[in-house]
Amino acid sequence: ITKRDNDVLCGFEDFSFHPGNSWHASLVAQKRASYFLATKDVKNDICASIVASITRRAGLFLQRAPSYSAGHPGKIWWLKLSEERAKEFTTCALEREMTKEYTAC
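The sequence shown maps to residues 459 to 563 in the working numbering.
Since the hints were derived computationally from the structure, they do not count as laboratory data. Check the hints yourself; a few may be wrong.
Derived DSS-like pairs: lysine-lysine, alpha-carbon spacing no greater than 27 Å straight-line [to be verified]: (1) K538 to K461; (2) K461 to K533; (3) K501 to K538.
Quantities reported herein were computed from a predicted structural model and do not represent experimental measurements.
Please take these sequences and the hints and turn them into a complete structure.
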C-alpha cells in the first residue's frame, strides 16, 4: 500500500507532520474532555467515532511494513491495520493527551 494524505501513519517514528496524523490529532484534542469523563463503554464509542471519521474520508491506519525491498530498493511499503488496532492506536493517543494536560500542572 502507498500512503496518502488522508491516512494515519502508526509506529514509533514521529509522523505528526503527515496530514492524516494532524487531522487525527485534532480529532483526539476535540474529544479529550468527553473521553476523560466517560465510562469505559463510552470511551470505546469515542475511539470508534474517531476511527470512523478517518475512514469516512477514505483514510487508512497504516504501519510501515518490515524492511524488505521485494525488488523495489528504496521503496517504503505500508500495511493496513485492522479496525481493532486503529482503535488501540486512538486509545493510546487519547490517554497520552489526557496525561499531557493533567500532569503539566
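Now the hints, each set against the structure:
1. At most 27 Å may separate the alpha-carbon atoms for a hinted pair to count; K538 and K461 meet this at roughly 10 Å.
2. For the given pair, K461 sits about 12 Å from K533 by alpha-carbon distance, which is consistent with the 27 Å threshold.
3. A hinted pair counts as satisfied when its Cα atoms are at most 27 Å apart, and K501 with K538 qualifies at roughly 23 Å.
No hint from the list above goes unmet by this structure.
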